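Engineer: For reference, the chains in residue letters:
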Amino acid sequence: QKEVEQNSGPLSVPEGAIASLNCTYSDRGSQSFFWYRQYSGKSPELIMFIYSNGDKEDGRFTAQLNKASQYVSLLIRDSQPSDSATYLCAVKGGYQKVTFGIGTKLQVIP
Amino acid sequence: DAGITQSPRYKITETGRQVTLMCHQTWSHSYMFWYRQDLGHGLRLIYYSAAADITDKGEVPDGYVVSRSKTENFPLTLESATRSQTSVYFCASSERDRATGELFFGEGSRLTVL
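Same order as they appear, the protein sequences are chains A and B.
For reference, each letter of the first sequence is one residue, going 1 to 110 in the numbering used here.
For reference, each letter of the second sequence is one residue, going 111 to 224 in the numbering used here.
Same shape as in the complex, but just chain B:
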């Protein structure tokens, strides 16, 4: 079945380590997004991409790197993880021409930085 999948679903790492969260979608949606969700803050946009090789910063991009060499993949890398990056990360996608702009979310990746 088509969809958007994230991996890993759960990850525990240590401060200073590099971590990559993967996101893969099978709909060929143009837009992809990374959000983090924290108590008291709701969902905050980290980075988004309008197409392959086109990415831009969102509200909270510091400490994160993204790439999009293929339409279907949008990995998020924490270059040197910090405790403040402990969060639940959601990848989402959206069609370019869909008037509603509906976001389709992955199941989330829960990251703990010790």
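Excised from the complex, chain A in its bound form:
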């Protein structure tokens, strides 16, 4: 079992809709959780991080963490075509080591 699991997609949503991206992780000792966005041919960039149970909102993005269920999600409200990218879920353990999921490809249809 991979340490961080994501559905590779593609996930297609119409413009203006809510995109929901999900991730599960196996290490209960994980400390921090991240969502990176990666455009095709580019390097990943951090868009959200969360380390406490519950929701964290930043603009159109909301990260949700449930440590009991070992589940992390990212909601993108009012999805735009510019949100079309691959979204990588990542989990930090000890020594700043970060493990990534396979990534979910999001397509926002105009």
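Keep in mind that the hints were calculated from the coordinates and are not lab data.
Take the hints with a grain of salt, since some may be wrong.
[Said to hold, decoys possible] Calculated lysine-lysine pairs in the DSS-like style (CA-CA distance at most 30 angstroms, straight line):
(1) A/K97 x B/K167
(2) A/K42 x B/K180
(3) A/K42 x B/K121
(4) A/K67 x B/K167
(5) A/K97 x A/K42
(6) B/K167 x B/K180
(7) A/K105 x B/K167
(8) A/K67 x A/K105
(9) B/K121 x B/K180
(10) A/K42 x B/K167
(11) B/K121 x B/K167
(12) B/K180 x A/K97
(13) A/K56 x B/K180
(14) A/K97 x A/K56
(15) B/K121 x A/K105
(16) A/K67 x A/K56
(17) A/K105 x A/K56
(18) A/K42 x A/K56
(19) A/K97 x A/K67
(20) A/K105 x A/K42
[Claimed, not checked] Using C-beta positions, here's what the derived DEER-type ranges look like:
(21) B/S190 x A/P110: 45 to 53 angstroms
(22) B/R127 x A/G16: 50 to 58 angstroms
(23) A/K42 x B/I122: 15 to 23 angstroms
[Stated by the list, open to error] Under 8 angstroms between C-beta atoms, here's a sample of chain B residues computed to sit facing chain A:
(24) Y120
(25) L155
(26) Y158
(27) G211
As the structure is a prediction and not an experimental result, all values here were calculated from the model.
Quick reminder that beta carbons are idealized off the backbone N, C-alpha and C, glycines included.
Since chain A is already given, all that's left is putting chain B on it; use the hints.
Structural biologist: Chain B alone, transformed into the frame defined by chain A:
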């Protein structure tokens, strides 16, 4: 402007050749990492370093060698390249005391082994 730079950006080599990918960061971050990214596997950690002269293996270290004699440089060497090492390689850095553990990535090095 401060940042993290990788070189070369593109490299084609032949099986059995030695290849070194360079990574340089100007932030004085303590931690540096090498990842490879392949279709179907996502980003996988090859090696990481917590400080100068301190390195450790990640998930897929076989066939790779790293060194870190200076804080700002973290080269990755493929001692005898194989076709399975064809990939996009990302170097990243992170601050020791930053609570988020955010990784800052270089632009990537695309390596093709023929």
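Engineer: Each of the hints needs a verdict: does it hold here or not?
Structural biologist: Each hint tested on the structure:
At most 30 angstroms may separate the alpha-carbon atoms for a hinted pair to count; A/K97 and B/K167 meet this at roughly 11 angstroms. Of the pairs offered as hints, the one joining A/K42 and B/K180 holds, with about 27 angstroms between alpha carbons and a cut-off of 30 angstroms not exceeded. Under the criterion of a C-alpha separation no larger than 30 angstroms, the hint pairing A/K42 with B/K121 is consistent with the structure, at around 17 angstroms. As the CA atoms of A/K67 and B/K167 are separated by approximately 27 angstroms, the hinted pair is consistent with the 30 angstroms bound.
For the hint pairing A/K97 with A/K42, the CA-to-CA distance comes to about 22 angstroms; that is within 30 angstroms, so the pair holds. A threshold of 30 angstroms between alpha carbons decides the hint, and for B/K167 with B/K180 the separation of about 18 angstroms falls inside it, so the pair holds. Between the alpha carbons of A/K105 and B/K167 the distance comes to roughly 29 angstroms, so the proposed pair stays at or under 30 angstroms and holds. Pair hint A/K67 plus A/K105 holds up; C-alpha atoms about 24 angstroms apart against a cutoff of 30 angstroms.
A distance of roughly 24 angstroms separates the Cα atoms of B/K121 and B/K180; the hinted pair therefore holds under the 30 angstroms criterion. With a C-alpha separation of about 25 angstroms, the suggested pair A/K42 and B/K167 falls inside the 30 angstroms cut-off, and the hint holds. At roughly 24 angstroms between alpha-carbon atoms, B/K121 and B/K167 fall within 30 angstroms of each other, so this suggested pair holds. For the proposed pair B/K180 and A/K97, the alpha carbon gap of about 20 angstroms is at most 30 angstroms, so the pair holds.
A hinted pair counts as satisfied when its Cα atoms are at most 30 angstroms apart, and A/K56 with B/K180 does not qualify at roughly 38 angstroms. Distance check on the hinted pair: A/K97 and A/K56 sit about 23 angstroms apart at the alpha-carbon level, within 30 angstroms; holds. The straight-line distance between the Cα atoms of B/K121 and A/K105 is roughly 27 angstroms, inside the 30 angstroms bound, and the hint therefore holds. This hinted pair checks out: A/K67 and A/K56 have alpha carbons roughly 14 angstroms apart, not beyond 30 angstroms.
Restraint check for A/K105 and A/K56: satisfied, since their Cα atoms lie roughly 22 angstroms apart, inside the 30 angstroms limit. Note on A/K42 and A/K56: the hinted pairing holds, with a Cα-Cα distance of about 26 angstroms set against a maximum of 30 angstroms. Restraint check: the Cα-Cα separation between A/K97 and A/K67 comes to about 19 angstroms, which is no more than 30 angstroms; the hinted pair holds. Straight-line distance between C-alpha atoms of A/K105 and A/K42 comes to about 14 angstroms, which keeps the hinted pair within the 30 angstroms bound.
In this structure the supplied range 45 to 53 angstroms holds for B/S190 paired with A/P110, their Cβ-Cβ distance being about 48 angstroms. Against the hinted window of 50 to 58 angstroms, the Cβ-Cβ separation of B/R127 and A/G16 comes to about 51 angstroms, which satisfies the hint. In this structure the hint that A/K42 and B/I122 lie 15 to 23 angstroms apart at CB holds, the actual value being about 21 angstroms. Using the Cβ-Cβ criterion of 8 angstroms, the hint placing B/Y120 at the interface with chain A is not satisfied: the shortest such distance is roughly 12 angstroms.
The beta carbon of B/L155 comes within 7 angstroms of a beta carbon in chain A, closer than 8 angstroms, and the hint placing it at the interface holds. This hint holds: B/Y158 has a C-beta 6 angstroms from the nearest C-beta of chain A, less than the 8 angstroms allowed. Taking 8 angstroms as the C-beta cut-off, the interface hint given for B/G211 holds, the closest approach to chain A being about 4 angstroms.
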